[in-house]
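Based on the hints, put chain S in the right spot on chain V.
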Amino acid sequence: MLTGRMALELYLDLISPPCRAVYIFAKKNNICFEFKPVELFKGQQHTEEFAKVKILKKVPVLKDGVFTLAESTAILLYLSRKYNTPDHWYSSDLQKRARVDEYLSWHHNSFRRIAPKTLWIKVLIPLFTGQAAPPEKLQEVIDELAASLVQFEEKFLQDKPFIMGSEISLADLMAVVELMQPVGVGCHIFADRPKLAAWRSRVEEAVGKELFQEAHEQILNIKELSSIEVEPKLKELLAPTLMKMLK
Amino acid sequence: MVVELFLDLLSQPCRALFIFAKKNNIPFEFKHVELIKGQHLSEEFGKVNVLKKVPALKDGTFTLAESIAILLYLRRKFNTPDHWYPSDLRKRARVDEYLSWQHTAIREKGCRIFFTKVLMPLAVGQPFSPDKLEEAVKEMNFTLVQFEEKFLQDKPFIVGSEISLADLVAIVELMQHDPNFLGCKRFADRPKLAAWRSRGEEAVGKELFQEAHKQVLNAKSLGSMQLSSELKEHLKQILK
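Chains V and S, in that order, are what the protein sequence lines are.
Position 153 of the first sequence, counting from 1, maps to 153 under the numbering used here, and the rest follow consecutively.
Position 14 of the second sequence, counting from 1, maps to 261 under the numbering used here, and the rest follow consecutively.
With the rest of the complex left out, here is chain V (with noise of 0.2 Å):
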């Protein structure tokens, strides 16, 4: 039924960690919203009609009446105000505030940057060039990984529930929805970590389980997208990208 007011457009490709964060996100606190599908392995992010939402052809984004915006972290803030979500989200408290700030902020270099690579390593690249990539390459990105994961315990979780205390946040939705790529294509980094193992159970608890297996239902099942046709203008596009990624 027509309202004559425009929905909420959210579009996401649930492979995408920043785009799972954003859907549990809106779904946990009851936001309503239209879920524009966006097939990253059809390269329809690379289509014209995306490209009027989005100049930087990168999902997630949000389009809210002419409003477009892209960055999961934006947008996560944004959804926060408009709909005045629960406060533990994103604290009003100072403090607590600027420690949600500093993950969010170091994340982009560390668990954003290294994660996804066991997803190209592991799935993407195979099925791409048709070849299995170096397993010297896939125990370089576990290495750097092992690392951001020492710094994230040590300085960001330490002995808390959750990275800002005693509640679930933006912060630990965001490191989350990253660790699983790894999960989902067979590097078990939750095995011997028994702090990590719990923090994520809290947090899975914390957004509900239900919900959190529903956005991880893809990245979990990732034999399926072993089996895709990858259209061949976007293995072009790609090879450049796949190529740097092997040196």
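Hints in this document: simulated from the structure, not taken from any laboratory.
Hints may be right or wrong, so weigh each one.
[Said to hold, decoys possible] Selected chain S positions facing chain V (in silico; Cβ < 8 Å): (1) V297; (2) L298; (3) I315; (4) A340; (5) R359.
Quick reminder that beta carbons are idealized off the backbone N, C-alpha and C, glycines included.
Frame of chain V; chain S shown alone:
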């Protein structure tokens, strides 16, 4: 007790903080952490920031890392003028959008150029690789096109008519590549960018802007920096 800011003005994010604090008359104690002497790698500094990076803030017993987090903290604590981080929902979202994007865009590409052209040669005692520099500059150029098309467009500043944290964070990054310094002609080829940078400098105040950039604009002294052996080792590890 006055806020302590641990800074080295050679670092772009440190300059953003320095300028922001000074411009807004925020009282602070400047704690100099000399990067080329490897002071950020010391155990003592590690107590302030276990990540061993500048900038860092210490407010009583509260310590904070990450320049974006520190900027937002100061803005809130000292209730700075609205234009820095507008209370308007959508304008604020635009600032957040830029502050998020820039990490892996202008900041990353900019650091790569600085690293390739200045730090690497100093660390290994050999001239920089022109191929690597060319690659780094190419990526930066692509990023600058995105910056102009997506973030700046035809507006005076990123969020409209007034300077915000987004512009400040952007400008200091691009000053690492000021034509006076790295000869990469960042601004010379781009009149729109050059005009925006002038506006930014004026909004901040020319004197303060120049003060913050004195060190990084002194090309001669940069070229002859003596890195501590500890820092050289640390850099070589990163290069591997």
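Tested hints:
no.	hint	verdict
1	V297	holds, 5 Å
2	L298	holds, 6 Å
3	I315	holds, 4 Å
4	A340	holds, 4 Å
5	R359	violated, 12 Å
Going down the numbered hints, you'll see the structure goes against just number 5.
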